[in-house]
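Below, each chain spelled out in residue letters.
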Amino acid sequence: MDTPLTLGGKTFRSRLLVGTGKYPDYPTMVKALEASGADLVTVAVRRVNLDRNKESLLDHVDLKKYTLLPNTAACYNVDDAVRTCFLAREAGMSNMVKLEVIGDEKTLFPDTEGLLQAAKQLVKEGFIVLPYTNDDPIMAKKLEDAGCAAVMPLAAPIGSGLGIRNPFNIRIILETVKVPVIVDAGVGTASDAAVAMELGCDGVLMNTGIAGAKDPVLMAEAMREAISAGRKAFLAGRIEKKLYATASSPLDGKFF
Amino acid sequence: MLPQNKPLNGDLLPVTPEEISRLLEEAAPFRRREAFSLLGTLSPRRRLTLPEAARLLATEDPMVWETAAAMARAVREEVFGRRIVLFAPLYLSNECINNCVYCGFRMDNRKAGRITLSPEQAVREALFLEKRGFHRLLLVSGEYPGKTDAGYIADIVRAIYRGTGMRILHVNAAPMPEEELRLLKEAGTGVYQVFQETYHPETYRAMHPSGPKADFAWRLTCMDRAMRAGFRDVGIGALLGLYDYRYEVLSVIRHAESLLEAHGTFPHTISAPRFKSAFGSSLSTAPRPVSDREFEKIVIVYRLSVPTAGIVVTTRESASLRERVLDIGASQISAGSKTDPGGYEEGVRRAEAEQFTLDDTRTIEEIVRMILGRGYIPSLCTSCYRSNRTGETFTEMAADGHIRGFCLPNALLTLAEYAVAAEDPDLRDKCLAAVEEGKKEMEGSPLNEAFGHKLARVIAGEKDLFF
Numbered sequence: 001m002d003t004p005l006t007l008g009g010k011t012f013r014s015r016l017l018v019g020t021g022k023y024p025d026y027p028t029m030v031k032a033l034e035a036s037g038a039d040l041v042t043v044a045v046r047r048v049n050l051d052r053n054k055e056s057l058l059d060h061v062d063l064k065k066y067t068l069l070p071n072t073a074a075c076y077n078v079d080d081a082v083r084t085c086f087l088a089r090e091a092g093m094s095n096m097v098k099l100e101v102i103g104d105e106k107t108l109f110p111d112t113e114g115l116l117q118a119a120k121q122l123v124k125e126g127f128i129v130l131p132y133t134n135d136d137p138i139m140a141k142k143l144e145d146a147g148c149a150a151v152m153p154l155a156a157p158i159g160s161g162l163g164i165r166n167p168f169n170i171r172i173i174l175e176t177v178k179v180p181v182i183v184d185a186g187v188g189t190a191s192d193a194a195v196a197m198e199l200g201c202d203g204v205l206m207n208t209g210i211a212g213a214k215d216p217v218l219m220a221e222a223m224r225e226a227i228s229a230g231r232k233a234f235l236a237g238r239i240e241k242k243l244y245a246t247a248s249s250p251l252d253g254k255f256f
Numbered sequence: 001m002l003p004q005n006k007p008l009n010g011d012l013l014p015v016t017p018e019e020i021s022r023l024l025e026e027a028a029p030f031r032r033r034e035a036f037s038l039l040g041t042l043s044p045r046r047r048l049t050l051p052e053a054a055r056l057l058a059t060e061d062p063m064v065w066e067t068a069a070a071m072a073r074a075v076r077e078e079v080f081g082r083r084i085v086l087f088a089p090l091y092l093s094n095e096c097i098n099n100c101v102y103c104g105f106r107m108d109n110r111k112a113g114r115i116t117l118s119p120e121q122a123v124r125e126a127l128f129l130e131k132r133g134f135h136r137l138l139l140v141s142g143e144y145p146g147k148t149d150a151g152y153i154a155d156i157v158r159a160i161y162r163g164t165g166m167r168i169l170h171v172n173a174a175p176m177p178e179e180e181l182r183l184l185k186e187a188g189t190g191v192y193q194v195f196q197e198t199y200h201p202e203t204y205r206a207m208h209p210s211g212p213k214a215d216f217a218w219r220l221t222c223m224d225r226a227m228r229a230g231f232r233d234v235g236i237g238a239l240l241g242l243y244d245y246r247y248e249v250l251s252v253i254r255h256a257e258s259l260l261e262a263h264g265t266f267p268h269t270i271s272a273p274r275f276k277s278a279f280g281s282s283l284s285t286a287p288r289p290v291s292d293r294e295f296e297k298i299v300i301v302y303r304l305s306v307p308t309a310g311i312v313v314t315t316r317e318s319a320s321l322r323e324r325v326l327d328i329g330a331s332q333i334s335a336g337s338k339t340d341p342g343g344y345e346e347g348v349r350r351a352e353a354e355q356f357t358l359d360d361t362r363t364i365e366e367i368v369r370m371i372l373g374r375g376y377i378p379s380l381c382t383s384c385y386r387s388n389r390t391g392e393t394f395t396e397m398a399a400d401g402h403i404r405g406f407c408l409p410n411a412l413l414t415l416a417e418y419a420v421a422a423e424d425p426d427l428r429d430k431c432l433a434a435v436e437e438g439k440k441e442m443e444g445s446p447l448n449e450a451f452g453h454k455l456a457r458v459i460a461g462e463k464d465l466f467f
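Sequences listed follow chains R and W, in order. The numbers in the working numbering rise by one with no breaks, and the one at position 30 of the first sequence is 30. The numbers in the working numbering rise by one with no breaks, and the one at position 117 of the second sequence is 117.
This is chain R alone, in the form it adopts within the complex (with noise of 0.2 Å):
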């Protein structure tokens, strides 16, 4: 029997997260996110209209269903996600942020060094701070070590679909922390989600692998599913990979 997700003392069903940017529209947003049976959906507090006689990407998302993720993302410096995780608590979004500062603008790497001085300070401000973090295991554990509340690796660059490029080092990552791992950016389709879990991950969160899929809605429920038997095959215990074939029905020991 699996253990639900559990995230600044706060428990989810769904180990995917989603983001909310670059769909075709805000009808085929809300289907994708149903079909994802996330429960944690993140929003990028830049693009949401704080104006309530406009149209706004919070009057999509029904707040009975989702939690809201405020993300810091198109944040270059530590201020700015610092400032934006207040402005984000304060229009009643979440106490609990996602938290990211970009390094540059090309790769959207994150810039590690401004993340973990931000995350001191949100934490210290009372905030629940998951980190959009390297895939580098001795900053995980620095930010563990600064109170955040899991730690999120990237796969590979935000938006390149490229997957998992150092499952050795998410490995590390999970064997270094404590708090749980999430795989953030860079899944492309369902079985680069489903990797991160058989790896034993914690969840896998994404945006542009259903957003930009030709179908949002159908990619949705593959990751989901993906997400499903990875995590079921991590719990399984997967056999050892060997270079020679073992007989699916063994003679050895038989009657004859």
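A few of these clues could be false.
Once the Cα atoms are required to be at most 30 Å apart in a straight line, the calculated DSBU-like pairs of lysine-lysine come out as [stated by the list, open to error]: (1) W:K439 with R:K54; (2) R:K120 with W:K430; (3) R:K214 with R:K10; (4) R:K106 with R:K10; (5) W:K430 with R:K54; (6) R:K54 with W:K440; (7) R:K120 with W:K463; (8) R:K64 with W:K430; (9) W:K185 with R:K106; (10) R:K214 with R:K65; (11) W:K440 with R:K124; (12) W:K439 with R:K64.
The set of hints was computed from the structure by calculation and includes no laboratory data.
Guided by the hints, dock chain W onto chain R, whose structure is given.
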């Protein structure tokens, strides 16, 4: 970068005079129906293109302009809501080695009383303005190497931040090399502003006969240097009345487009200064006068073409015109201005030290009353500059209609702060009544609860709370 005095090379300039002249020549006036269907589609995202702006400027039909004015107002409200930003200029120096024929600061004006403020004097001026309620200033200086260069201005910027509660300082000063602009930026300057005066090279030559300002290209390329020096917000403009206003307006729009193409951001502000006579200048009337009606058209076209920019109208203009332009797209106005260095503290008008003659001499209190009376919210907000909602981020958010969600609560918080400090009880009541009215608009905003808390703290005497 174009070195000084290098002959013009049109390819390197953000605006090519030939392109603008061709646009003007080819622009056919809109037929009424054609104009209506176009104007109806405009929004912060769907701006008037340059050829469309040229055609609108060629159109005389008053009904078309009436509709365009209504659209300009609607677009302004989509981007900024009902708030009108207030600021004051602080003139640092009228010493100048240029000879702009229209300016009272020109070198050959022997009658001018020359003043260059020390950092201490500038702080005193800023304190005076702070007492009146201003939180943002535009520092303005003539160009005098060794006296008013970047180091001097940067020292003043630092001194004012240190010695007063000013929250953001913008600078209007001569074009500089990148490394000098970096000094200004590092000192904490918000917007760097340079007006091309005229984008028409021949007119430019005639208007700027000597001094470093005679270099048209050095001035025209200075915003690219500013961006490389780290500025994210810049302000541009043309001095209306020197040449055909339609040519100037299209050039300003093209300049704005080129900034978007090269740096991902529209200019933060577009100013619309109009020629005014100045004491001791050699040009007493505008070579190509712009009427009030034409001035209104200019504001409309700026708003529709560069929807995210703050459109600035200063006290050069008459009270009635300034009130009118609030209804057609202007979003920032100065108040209670003095254009002679040291003029605020002195308190008496010194025409011989002014850059130009002022028309609207009302105080900030009178301007606040006027804005409230017209149904707008006077805003002393400075939060975008201090929350990194600048440059590309600002342009994007403003075009998406995401800035006005900040403008309303921040305008109300600064208005409440202004009211608390106001000495005149009637003015205080009027401001607080407007805040109460604005509170209703906040209902339903995700920030409403946090706004309520902040507002209560401001009413209780806390300062500088914002989103």
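*Pairwise hint evaluation, K430 of chain W against K120 of chain R, where the allowed Cα distance is 30 Å at most*: violated, 44 Å
*K430 of chain W and K54 of chain R: Cα distance at most 30 Å?*
The given pair, whose Cα atoms are some 28 Å apart, holds under the 30 Å limit.
*Taking 30 Å as the top limit, are the C-alpha atoms of K440 of chain W and K124 of chain R close enough?*
violated, 34 Å
_For a C-alpha distance cap of 30 Å, please report whether K439 of chain W and K64 of chain R respect it._
holds, 27 Å
*For the pair supplied as a hint, K106 of chain R and K10 of chain R, confirm whether the alpha-carbon distance does not exceed 30 Å.*
The hint is violated at about 35 Å.
*Assess, step by step, whether the Cα of K439 of chain W is no farther than 30 Å from the Cα of K54 of chain R, and give holds or violated.*
holds, 17 Å
*Restraint check for K185 of chain W with K106 of chain R, where alpha carbons must lie at most 30 Å apart*: Holds - the C-alpha atoms of K106 of chain R and K185 of chain W are around 25 Å apart, at most 30 Å.
_What's the verdict on K214 of chain R and K10 of chain R, does the C-alpha distance respect the 30 Å limit or exceed it?_
violated, 34 Å
_Tell me if the straight-line CA distance from K54 of chain R to K440 of chain W falls inside 30 Å._
holds, 16 Å
_For K214 of chain R and K65 of chain R, compute the direct alpha-carbon distance and say whether it is at most 30 Å._
holds, 26 Å
_Against the 30 Å threshold, does the CA-CA distance of K64 of chain R and K430 of chain W hold or violate the hint?_
violated, 42 Å
_With the threshold set at 30 Å, check whether the alpha-carbon distance from K120 of chain R to K463 of chain W stays at or below it._
The hint holds at about 27 Å.
Hint compliance for this structure: hints 2, 3, 4, 8 and 11 are broken, all remaining hints hold.
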